[in-house]
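S.K.: Residue strings, one per chain:
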Amino acid sequence: MIKSTELSKKYGENIVLNITSLEIPKGQAFGLVGNNGAGKTTYFNLLLDLIKPTTGSVTNNNIQVNKSEDWKPFTAAFIDESFLIGYLTPEEYFYFIGELRGMNKADIDTFLGQFTEIFNDEILGGKKYLRDLSKGNQKKAGIVAALIGNPEVIILDEPFANLDPTTQIRLKKLLRDLTKNSNATILISSHDLGHITEVCERIVVLDKGSIVKDIKTSEETLKELEAYFSV
Amino acid sequence: MIKYFINFQWKQFFRSSYWQKSIALNILMAFLAIYFMLTFLVLGISIYPLLKKQFPESDPLILVNGFLFYWFLGDLLMRFFLQKLPVINIKPFLVLPIKRSKILNYVLGKSAVSFFNFLPLFAIIPFGIILIFEDYSTTTAIVWMVLMYVCTLIINFLNFIIEAKSAETELSFLPIIAIASGLFALNYFEIISFSTLLANGINAVTANPILVLVPVLILVGLYFINYTALKEKLYVDGSLKAKTETATTTDLAWTRRFGDIAPFLQLDLKLLWRNKRPRSSIFIVVIGLLYGLFFYPNPIYKEMVPMFVFVGIFVTGIFMINFGQFIPAWDSGYYKLLMSQNIKYKEYLNSKFSLMIISAIVMFILSIPYVYFGWKILAIHFAAMVYNIGINSHILLFGGSFNRKKIDLTQRAAFNYQGTGAVQWLIGFPLLLIPILLFYVPYYFINFEAGIATLIILGGIGIIFHQKLMSFITKQYLNSKHKMISAFDQNN
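For the record, the sequence lines run as chains A and B. Read in order, the letters of the first sequence correspond to residues 1 to 231 in our numbering. Read in order, the letters of the second sequence correspond to residues 1001 to 1492 in our numbering.
The shape of chain A in the complex, shown without the other chains (with noise of 0.2 angstroms):
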């Protein structure tokens, strides 16, 4: 589904990702780890278009993503809260982004519907703006908001920070069930070891932007992955 090849990004001498060739398949649940400034977010951000490569390219879906805009309606992310719009209310940022993937409201009203518990009647009803909310709150509306219109690839940038824990095991069974359940390809960054294991299928850990460790996750892999961070 998604290919890189010699991808490289360079911001003066310093080289923040060099992935000389990384294939991920579709459907499958795919997770990256890695220390602050390994290159996680700007592999994403790569994937995404949102920045050049200095060499190399990315294939979605055999779609060239700086060449071509048309892996943009199976595609969808939440990175940063920069993905949110501050000045509307969460019903209103779900309409539009539903809107933009061809559901109408009574199509997002259904959808919603099934994020109840998540919400925790915060999100929906409140007279509150995305920026009034709190991080938590944000980055549960914005990780809804790329899920509608059933995107085939769902690209999430550490999904599981300042969320609160019932939050993080719901999300942790969302995305699994989503994995099972709709073939979609998912992506997500996380430094928390123990939920990326649980969710991903394979864990590729990031240093200094070069691919260190691809690994097929079994029991095993916590621990390996614990110890090779604790150095």
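It is worth saying that the hints were derived from the structure and are not from the lab. No experiment lies behind these values; they were computed from the predicted model shown. For glycine and all other residues, C-beta sits at the position ideal for the given N, C-alpha and C. Some clues are possibly wrong.
[Unchecked claim] Label-pair ranges, simulated between beta-carbon atoms:
1) B:Leu1028 - A:Val212: 46 to 54 angstroms
2) B:Met1304 - A:Lys135: 54 to 62 angstroms
3) A:Pro25 - B:Trp1273: 45 to 53 angstroms
[Stated by the list, open to error] The calculated DSSO-like cross-link candidates involving lysine-lysine, where the alpha carbons are at most 30 angstroms apart (straight line), are:
4) B:Lys1091 - A:Lys127
5) B:Lys1233 - B:Lys1099
6) B:Lys1475 - A:Lys52
7) B:Lys1084 - B:Lys1102
8) B:Lys1483 - A:Lys208
9) B:Lys1084 - A:Lys128
10) B:Lys1483 - A:Lys3
11) A:Lys128 - B:Lys1165
Go by the hints and put chain B onto chain A.
M.R.: Leaving out everything else, chain B in the frame of chain A:
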């Protein structure tokens, strides 16, 4: 400790990317500051001889004192809109081992050295010095100067109290306008003559220097009120907390008839209404609409028909220019979202374009009453509207593709130059000046109708080639997509 505070202040100022990025803007601000200082200086130096010449019988000092009521009232109004007590910056200090009283005294003390208190000195001191040379007693002059400065500080601290009170009542600027116009009216219709009362007070003080203690005591009192009020609020859920507005939801169903661009149009309308900075561009429209009143009734401009073109472009295009020059920076906060969503750039830009032409048409309709000043003015406004729709709107959109400056929508509106760069200056002048030239040449060589026709035809050409122009502009935006994303991503 104060040393650190001042040091931080200095760094905050010079390390803000605001300062570092935009030298031109700072030069402009410096010029503005110098301009005001010079104006006040000229006022301070010239007022004495002027008054002496106009009213040889009266004492200039008494005359000036009689006028001070208006000065103070104006000063208070200006401050209310432009000066804020910078409490938000002290949040990081709250948990550090610093006494609260120290923080409070620093914040309040700092406000006393603001430009607003510094500026009047440029008028006060020269006037005072002239008083000494003009055979007033030195004590009188010095007491007068001290008194004026104390009054300035009184206004400074009074303003913060008024601001705090009106912020509590949610009425924002209504109370101050009501109070100020009430005082003004009472004074103007001589029901209670505040200007005389104030003048008498000041005359009494200059005659009897010991009375200067009264205003000083008032000042101390006001400082104390500010201090206690602020102390109550120095908690993160008090005044340090950014205010949240209650959301109002509207579905703007009528925008549906615009088809594909409807979602963007809705977004733009909400953008305009729910954020301080763009909202002010709606209010500027009112000012723009009244702008013609400066020119049309004035006999001096009667024969300067090309000047009317300027007014016409301005009146019908004020919203367009104000809003258009910051496309797409208005959306900078969530530009990454827009760029990764299933969005056609063309629809996005078309929505902005529609908003601009709607505004031009509405402004033209609203400006129809100017026909009172002659049919020519209506003709000019119509031609200006067509020109704005056909040419200026496209220029603005094209210019937008060079925008690299982020706008933080939640920031205040007045005197906010965030997002302003060379692009705005480069584009602003041709928008207003070229149509004047285009009108003037045929007007001068042929006649008035030819000038009008030129503008309408050019505007018409722009409208006919709208699709072509939009494709070209869209391409420009696509080419600079990554540069924009990275520029909008940088924090200030």
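S.K.: Need the list of violated hint numbers for this structure, in ascending order.
M.R.: none
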